[in-house]
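> The lines below spell out each chain.
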Amino acid sequence: MTSPPLLGALDMARFTARGFLRFDGVVPDEINAQFLAEAGEADYPQPGRRMMQTYGALLANAQIPEVPPGTPLPATYAQGSAVERLLALPLVQGAIRSLVGPDPVFDHHFLHVTFPPAYYEAGGGEHVSQHTHQDSTIDPSEGFDLQIMYYPHQVTREMGGTRFVPGTHLRRVSEVALGRYQNIAGQQHMVCEAGTLLFLHNGLWHGGGVNHSERTRTMFKIRMNPSVPQVRQWDVSTLPAEPAQRPIFFVKTPQPETVESILMSPEPWFEQDTGRLEFVNRIKMWRRLAGDPTFDADHWMTRLENPARRA
Amino acid sequence: MRQKVLVLYLANSALDAPTIAWAVYDGTGETRPMAGDTDQPPYRTGVEALKDGWRLFQAAQILPHTRGDEFDLAYLKYEFFFEKLVEIAA
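Protein chains in written order, with the working numbering: chain A, 1 to 311; chain B, 1001 to 1090.
A portion of the hints provided could be inaccurate.
What the hints assert, rightly or not - To give an idea of the chain B side of the interface with chain A (calculated C-beta under 10 Å), a few residues: (1) Leu1010; (2) Ala1011; (3) Trp1022; (4) Ala1074; (5) Lys1077.
Treat the hints as calculated values from the structure; they're not laboratory data. For every residue, glycine included, the Cβ atom is placed at its ideal position computed from N, Cα and C.
Hey, can you work out the whole structure from these sequences and the hints?
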């Protein structure tokens, strides 16, 4: 049995900095079609029938198992089912192994479906987007859970694909307490071809968009927990032999893309002061992922940890 | 009279700092702003909103950082609430 292709240093740095990795159209059409068949289709809108009734019936009939949290991930899905086949793809195996480590544990999954206007016109209810939130609850731990979002069919902008805000994953907030923020500079909306996967840090701020199209939009999410520390689980042979320390502030020429340059790239929503704290927190996350407690980028930690400053 | 509320999140505590996040709530019911409805801010800065007739009624305090928690980040810091009062038909 060959080993799955592990993520390299630059992809791991991108995940550390922005909290997600996106793989467009990597799930074969055959698996996408199988998944949509297993998920089933929503009944047509009927006068007086509320959208949640239709949604409940769809979930009840879907050929997706009910699974308790804590189940080993390989034991979660039946052999030959669409999700089992998706998780067996080498790219998926390698990304999971790199980000979560060996023997991941199933946390939960859900079939997210957003409905077109006709369902609300027929059954009432307000047709709005989901408030932006961070999943689960306040999470002060050093590690993270991985969430895979799977888009089995093409998603257009009109369908209101998942909205997410790159770089928000290191903020310690309480679920939808941030719902007041309607729009954030740099937010992205998933517009993608069928078979696209989004690998998310569990802390990334996100929300479902409102579906203005004429068909339902389907996204399947799986959350998994690590069973070992997420330290050097990726292809560490791609790390440079020496860290790429570079000039800071007074820089005359563009710098090459390195782990350091990726970690030090700001997001459009960064506040001018706390954006620097984001850099510090990215360095701390990288130290853990790389198993290198002395790693630094652009002198942020070296300046703070200078032993000469201690009493 | 009905209240329209504009919330701007700025890049620092100055009212003329750039907008990084925003929200609108419309008490007249004429519009229904919601999460993700626009990717461009309605005003580049808080001062731009003042120039357009929005009245500032609350600004986030600048608070000292608790020792030991200096690097913990959570919510956006520089929040400014504005309002407009709008006449509606009786």
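> Against this structure, judge whether each hint is valid.
Structure-based check of each hint:
Annotation: interface hint on Leu1010 (chain B) holds; nearest CB of chain A at approximately 8 Å, less than 10 Å. Annotation: Ala1011 (chain B) was flagged as interfacial toward chain A, and the flag holds, the nearest CB pair being 5 Å apart, inside 10 Å. Taken as an interface hint, Trp1022 (chain B) checks out: its beta carbon lies about 6 Å from the nearest beta carbon of chain A, inside 10 Å. Because the beta carbon of Ala1074 (chain B) sits about 5 Å from the nearest beta carbon in chain A, less than 10 Å, this interface hint is met.
Among the interface hints, the one on Lys1077 (chain B) holds; its C-beta lies about 6 Å from the nearest C-beta in chain A, closer than the 10 Å criterion.
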